[in-house]
Structure formats: C-alpha cells, structure tokens
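Engineer: So the protein sequences, as listed, match chains A and B.
Residue numbers for the first sequence, in the numbering used here: 1 to 204.
Residue numbers for the second sequence, in the numbering used here: 1 to 204.
One or more of the hints may lead you astray.
Identical copies go unnamed one by one, so any copy, or any two together, can satisfy a pair.
As the list claims (entries may be wrong) - Calculated cross-link-like contacts (lysine to any residue; reagent style SDA-like; alpha-carbon spacing at most 20 Å):
id	residue 1	residue 2
1	Lys16	Leu165
2	Lys133	Pro19
3	Lys16	Phe31
4	Lys38	Lys54
5	Lys102	Arg43
6	Lys17	Arg28
7	Lys54	Ala9
Treat the hints as calculated values from the structure; they're not laboratory data.
Number of protein chains: 2
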Amino acid sequence: MLEYAEPVARLIDEFKKLPGIGQKNAQRLAFFILRRPKADVERFAKSLLEVKEKIVFCSVCNNLTDVDPCFYCSSPSRDRSMICVVEEPYNLVAIEKTRSYKGLYHILHGALSPLRRIGPEDLKLANLFPRLKPENNKGVKVREVILATNPTAEGEATAHYIAGLLKPLGVKVTRIAMGMPVGSDLEFVDEVTMDKALANRHEI
Amino acid sequence: MLEYAEPVARLIDEFKKLPGIGQKNAQRLAFFILRRPKADVERFAKSLLEVKEKIVFCSVCNNLTDVDPCFYCSSPSRDRSMICVVEEPYNLVAIEKTRSYKGLYHILHGALSPLRRIGPEDLKLANLFPRLKPENNKGVKVREVILATNPTAEGEATAHYIAGLLKPLGVKVTRIAMGMPVGSDLEFVDEVTMDKALANRHEI
Chain A
1 MLEYAEPVAR LIDEFKKLPG IGQKNAQRLA FFILRRPKAD VERFAKSLLE
51 VKEKIVFCSV CNNLTDVDPC FYCSSPSRDR SMICVVEEPY NLVAIEKTRS
101 YKGLYHILHG ALSPLRRIGP EDLKLANLFP RLKPENNKGV KVREVILATN
151 PTAEGEATAH YIAGLLKPLG VKVTRIAMGM PVGSDLEFVD EVTMDKALAN
201 RHEI
Chain B
1 MLEYAEPVAR LIDEFKKLPG IGQKNAQRLA FFILRRPKAD VERFAKSLLE
51 VKEKIVFCSV CNNLTDVDPC FYCSSPSRDR SMICVVEEPY NLVAIEKTRS
101 YKGLYHILHG ALSPLRRIGP EDLKLANLFP RLKPENNKGV KVREVILATN
151 PTAEGEATAH YIAGLLKPLG VKVTRIAMGM PVGSDLEFVD EVTMDKALAN
201 RHEI
C-alpha cells in the first residue's frame with residue numbers, strides 16, 4: 001500500500017534515525033517541514049551540511065570546534081595547570097555555565113561500558129597523557145586533573161580507570177563531589193545519592 | 001561567552017525550531033549529527049530539500065503528493081461516491097490502515113480554532129464543494145461525505161460547520177462514531193467518552 005509519497009516516506013525515515021524520535025514523531029516532524037517556507041528548510045539543510053564541513057575535533061582536547069586548537073585550548077586567560085576531563089562536549093558547556101572553572105578541558109567522547117562494548121580504546125583518552133608534560137602545554141606543568149565524568153556506573157568506572165593511569169605519573173587527581181542537588185528535598189532524593197551526601201559530609 | 005562553535009550553535013537553533021524539540025533535545029540531536037558519517041548527514045539534508053521540491057498539494061483533495069492528482073484521486077479502483085474529510089494528511093494514513101474504507105478523501109490541513117485564530121478561510125475547504133458535482137468527479141455523483149475530523153472541541157466545531165454547508169446541497173453527511181476505544185477498560189475511560197459511548201449505544 002502506497003501510504004506516503006516517496007520523498008515524504010524518505011524524510012520520515014531520516015527523522016526516525018535521530019535518537020529518541022519514533023514513527024509518530026518522525027511523521028509529525030516531516031509534515032512540519034512540508035509546511036515550512038522553502039527558505040527555512042534550505043537553511044536547516046545547509047546548517048546540517050555545514051557542521052560536517054566545518055566542525056573538527058580539537059587536536060589538543062578533542063572538543064568540537066571550527067578552529068583548531070579550540071577556543072579554550074588557545075585562550076591565553078585560562079589556567080593551563082588544570083585539566084577537567086568530561087565525557088561529552090555538552091558537559092563542558094554545563095561546567096562553563098558555573099563561571100567558576102577557568103582551567104582547560106579534555107573530552108573523552110564517551111564512557112567505559114562493557115555492556116555496550118565501549119572499551120578504553122574507544123575513548124579519546126590517549127592524547128590526555130602527552131598534555132601533562134610542560135613542553136606540550138605551553139611550558140606549564142599540569143597540577144591537577146579533575147575527573148568530571150557523569151555520576152553513573154559508567155562514569156564512575158571511567159573515572160577510576162583514568163585515575164589508575166594518572167596517579168603513577170605524579171599528578172593530583174580529583175573527582176567531582178556527589179551529594180544532594182541544591183534546591184532539592186531530602187524526601188525525594190534516592191538512597192544512593194543520600195549515601196554519597198552523608199559520606200561526603202564536611203564540617204561547617 | 002563562546003560556548004559552541006558557530007556552525008554547531010546554528011544547527012542547535014535549527015533543531016529547536018522543530019515542534020516539541022527544546023534546548024537540551026536540540027543539543028543532543030546536533031551532537032548526534034556531528035558524530036554521524038558525512039554521507040548519512042548529506043542524505044538527511046537531501047531528503048529535506050527533496051520534499052520541498054517534489055511534494056505538492058493534490059489539486060483535487062489537498063493530499064501531499066509527488067504526482068497530481070494524488071494516488072487516491074487518480075486510482076480507478078476507489079469508490080468515487082464517498083468522500084472522507086480529515087484534518088491532516090496523516091489522518092488519511094490512519095484510516096487507510098483499517099483497510100475498510102475504499103472511497104476518496106478531502107484534507108482540510110487544519111481545524112477551526114477561534115483561540116488560535118484559525119477560521120474557515122484558513123482551511124482548504126473551498127475546493128470540496130465543486131467535487132460534489134458529477135462532472136468534476138469523473139461522472140460519479142457523491143452519495144456521502146464522512147466527516148472524520150478529530151473528536152476534539154476543534155474537530156467537532158469543524159465537522160458541524162462543514163455539515164451546515166453540505167446539507168443544503170442534498171448530500172448525505174455522516175460523522176465518525178465516538179465511544180470506548182477497543183481493548184480499553186471502563187475503569188479508565190474519561191467521562192465525556194463514556195457519555196458518548198452510552199448515547200451511541202446500539203442493539204445487539
């Protein structure tokens with residue numbers, strides 16, 4: 001049965017390949033596109049192609065960037081003695097929003113996951129170690145590596161794995177704190193978070 | 001603060017324009033695109049442009065199609081004496097899935113909504129009336145128009161409005177039934193649906 005015209009069916013298929021988009025949602029998006037002015041759709045298509053043409057991995061920290069090295073790695077005002085390791089480029093954005101961290105980053109593009117068959121060789125990890133040498137870091141010695149992978153089983157495993165590799169190199173390795181989210185309520189917090197919040201308690 | 005490289009920020013913006021896609025989701029989709037092979041993204045962009053180039057409204061029923069008149073309007077095997085009026089092209093697909101309706105369609109591309117300032121002139125309704133004349137319908141007289149707009153306030157208003165216009169023309173006008181969805185449970189049905197199910201009861 002011919003339900004949709006070929007080009008419409010093809011567009012629905014393309015939308016369905018995006019993460020979290022099912023059949024119904026893909027249909028809705030395709031029909032939205034069909035109703036948009038042609039110029040708007042052309043701009044959308046162009047911006048899809050443009051990221052593939054212009055965006056590369058930063059050769060230093062693996063950030064996605066249109067200039068290499070990226071904005072952070074080439075900035076003269078950042079503290080080069082600290083490197084914060086995150087899983088994904090948008091994790092970097094979350095940290096930048098605090099406006100309190102002024103060091104450099106290293107982006108792994110993933111986390112260890114035996115279940116999904118993601119091993120150390122699948123992470124962008126190898127280029128972290130040369131960065132610790134002053135001659136590869138504009139003469140600055142790295143004092144501390146902050147492991148800011150997600151507070152999940154996968155993120156924890158990744159943090160411990162990297163810590164194990166870094167500690168013999170004589171660099172200070174820290175892990176971001178886990179505990180109660182600010183503004184939350186004791187009543188609704190899960191037991192693992194509560195456990196962490198108790199274990200990481202500090203004097204006031 | 002420069003958070004994302006320009007092309008990435010632009011793509012996030014484009015995804016955000018899609019219905020139901022917020023900032024976080026748009027970010028996630030943009031990063032998904034960044035990781036896809038270039039050929040895949042090119043195929044996606046092409047299919048976006050293609051629908052705008054190839055898909056037109058059927059001049060008879062307003063269906064979205066790549067051939068005019070559309071598959072349904074030009075089919076020799078469909079019952080030309082019945083026209084089913086629906087709000088959206090994907091409503092047609094829902095009806096076709098039943099495999100029980102073999103007539104023609106008319107697609108309004110919307111429903112009346114005073115709140116959203118959608119009036120009769122915003123619906124693709126004007127070209128429904130000429131279709132009732134046999135000379136405009138391959139010599140076949142239309143016996144029945146089925147109003148299959150949604151069972152919502154807007155769909156109901158639209159059905160009543162169209163019924164008011166059609167009845168003086170001497171054509172039989174019917175409305176799809178409302179009642180309990182098959183496979184559902186009395187316990188969970190809302191009161192308005194239950195009311196309809198009682199009112200539309202029939203002898204067995």
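Engineer: Next, verify each hint and record whether it holds.
Structural biologist: Right, here's what the structure says about each hint:
{"no.": "1", "hint": "Lys16 x Leu165", "verdict": "neither (40 Å within a copy, 40 Å between copies)"}
{"no.": "2", "hint": "Lys133 x Pro19", "verdict": "neither (39 Å within a copy, 48 Å between copies)"}
{"no.": "3", "hint": "Lys16 x Phe31", "verdict": "both (13 Å within a copy, 16 Å between copies)"}
{"no.": "4", "hint": "Lys38 x Lys54", "verdict": "between (24 Å within a copy, 12 Å between copies)"}
{"no.": "5", "hint": "Lys102 x Arg43", "verdict": "neither (35 Å within a copy, 40 Å between copies)"}
{"no.": "6", "hint": "Lys17 x Arg28", "verdict": "both (14 Å within a copy, 13 Å between copies)"}
{"no.": "7", "hint": "Lys54 x Ala9", "verdict": "between (30 Å within a copy, 12 Å between copies)"}
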